[in-house]
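Take the sequences, apply the hints, and build the full model.
Going down the list, the protein sequences come from chains A and B.
Heads up: the first sequence begins at 1 in this note's numbering, then just goes up one per residue.
Heads up: the second sequence begins at 1001 in this note's numbering, then just goes up one per residue.
Incorrect hints may have been included.
Below, in silico cross-link-like pairs of lysine to aspartate or glutamate (DMTMM-like), each with a Cα-Cα straight-line distance of 20 Å or less [to be verified]:
#1 Lys1113/B - Asp151/A
#2 Lys1181/B - Asp1237/B
#3 Lys1121/B - Glu1093/B
#4 Lys1149/B - Glu4/A
If you are wondering where the hints come from, they were derived from the structure by calculation, not from laboratory data.
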Amino acid sequence: MKRETFQQYALPVFALMVFLAGWEAVVRVNDIPPVILPAPSRIFDELVRAWTPLSGAMLVTLSVTVEALVTATLGGALLALLFAQSRTLERVFFPFAVILQVTPVVSIAPLLLVYLSSGEAVLVCSFLVAFFPILANASLGLSAVDHNLLDLFQLYRASRWRQLLWLRIPSAMPYFLAGLRIGGGLALIGAIVAEIAAGSAGKGAGLAFRIVEAGYRLNIPRMFAALLLIAVMGVVIYLLLSALSWSLLHRWHDSARRRET
Amino acid sequence: MTEIETLREAPPAPPAPPWIARLEGVDKRFPNGVVALSGVNLDVRRGEFLSLLGPSGCGKSTILRLLAGLTRESVGYINWRETNPELGFVFQEPTLMPWTNVFDNVWLPLRLKGLSRAAAKDRIDAVLAKVGLAGFERAYPRELSGGMKMRVSIARALVTRPAILLMDEPFAALDEITRNKLNDDLVALKCELGATVVFVTHSVYESVYLSDRIVVMAPRPGRVVAEISVPTPLPRDEEFRLGAEYARICRETSAALHAAMGGPGDSGAH
Chain A
1 MKRETFQQYA LPVFALMVFL AGWEAVVRVN DIPPVILPAP SRIFDELVRA WTPLSGAMLV
61 TLSVTVEALV TATLGGALLA LLFAQSRTLE RVFFPFAVIL QVTPVVSIAP LLLVYLSSGE
121 AVLVCSFLVA FFPILANASL GLSAVDHNLL DLFQLYRASR WRQLLWLRIP SAMPYFLAGL
181 RIGGGLALIG AIVAEIAAGS AGKGAGLAFR IVEAGYRLNI PRMFAALLLI AVMGVVIYLL
241 LSALSWSLLH RWHDSARRRE T
Chain B
1001 MTEIETLREA PPAPPAPPWI ARLEGVDKRF PNGVVALSGV NLDVRRGEFL SLLGPSGCGK
1061 STILRLLAGL TRESVGYINW RETNPELGFV FQEPTLMPWT NVFDNVWLPL RLKGLSRAAA
1121 KDRIDAVLAK VGLAGFERAY PRELSGGMKM RVSIARALVT RPAILLMDEP FAALDEITRN
1181 KLNDDLVALK CELGATVVFV THSVYESVYL SDRIVVMAPR PGRVVAEISV PTPLPRDEEF
1241 RLGAEYARIC RETSAALHAA MGGPGDSGAH
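Structure, rendered in structure tokens:
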């Protein structure tokens, strides 16, 4: 157990430390100027110094991502439930969902900026990319029900509503949560891409804009610092959604259980 | 073949118990044109253990699904002694809801009838005790062995006190030791509850050991070809398995099955 814990947590942390130390050493030994490649320590300094604008920007990006993810989750789940109730609805709306999904969000963003304010456009872009995997996975889950269990519900003359509530929804949960994990990552990507396309400045500017702005000013350490915050956000979103998934599934689903060895 | 004829010429048996379900001239044709059943006449008698025996494709599962109302006959009638009889169904797989525990799985049929957890508790506890699973209420399906999952499935089927218990090769996926134990327990349970069981199997030995009556079916199209009675009353024990009567009826049943499959084959009789 002890050995396992070490391998699980200490090893990746150790690998990361070695990587950062190597980076620091390369920069110092070769005396590389920060404008070409800043050392990790220099990036950390910049992060502390520019904490106020950077953390403000992070909050903007974070709130857009969370809003988009929540909307995409509700929308995706509701639409999947509708699809499960009516094949006609599915046939009518599914092509739209697919078209929105296969069209790269970068190419939609300029058009959205014509119609919407930049803040709204970023939100819609982020929503669009997160929405599809959630919808697709929830749809798949709702239809991938054990046929014998469906027979059993029919045998006991269960209403459609109870069949949905007590059979289809619980059985779709692993699929839905997998979609949510993918959607969480994509919502952040969507928000960042749209921010870059929008290029909005001022109070409402997110982290991506800070990167673009720092790039114009050749403030490379600031670019790395903003990048670091984006990466941290992505990791935190993923961990939170994984924890949610684990807490809902670990009692029964194979995906959330450790194999006995 | 002679054994079957002898059986047919036997003196009239005491009047058979009344039927509770009767299939009359039932055909089942699937949309793809496959004729699953053709001209099936069959009574299910009150309190009997009836086995449907035959090779795959003979429509024995289709009969169960017709009785369960999961599919409709194409031609003919299915009559019931009482309207809307309570039914229990046990599938080949345990077919439990993996996301909830044993108690809630057994609760499901009663829950669908509107009974609260508290109102159903006594009946669930009683039926779980009957199948030997008292104390496992809070276990999740994946924590149980294959045999135990099947016991939960049987408990769930029995919890509504069904007029007929329909079982579709329920123990086929289990190892032989577990299967024998479950067979004995099933018969004991059936006798205790006075239940009527319709049991689909492809095992001659299983059907002879368990049944009051065996209906042998043939494929393409699915039809009833022979009916064999096993006079020794249930429950039976190891003595019966070793006795001459068991051997004789097994032989007779095998012969009927081979005839059903178009001549003396060597498959399907295990």
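To see whether the hints hold, each was checked on the structure:
1. Lys1113/B - Asp151/A: Given pair Lys1113/B, Asp151/A holds - Cα atoms ~16 Å apart, limit 20 Å.
2. Lys1181/B - Asp1237/B: Holds. Lys1181/B to Asp1237/B sits at ~11 Å (cutoff 20 Å).
3. Lys1121/B - Glu1093/B: Violated, at roughly 25 Å.
4. Lys1149/B - Glu4/A: Not OK: Lys1149/B and Glu4/A at ~33 Å, beyond 20 Å, violated.
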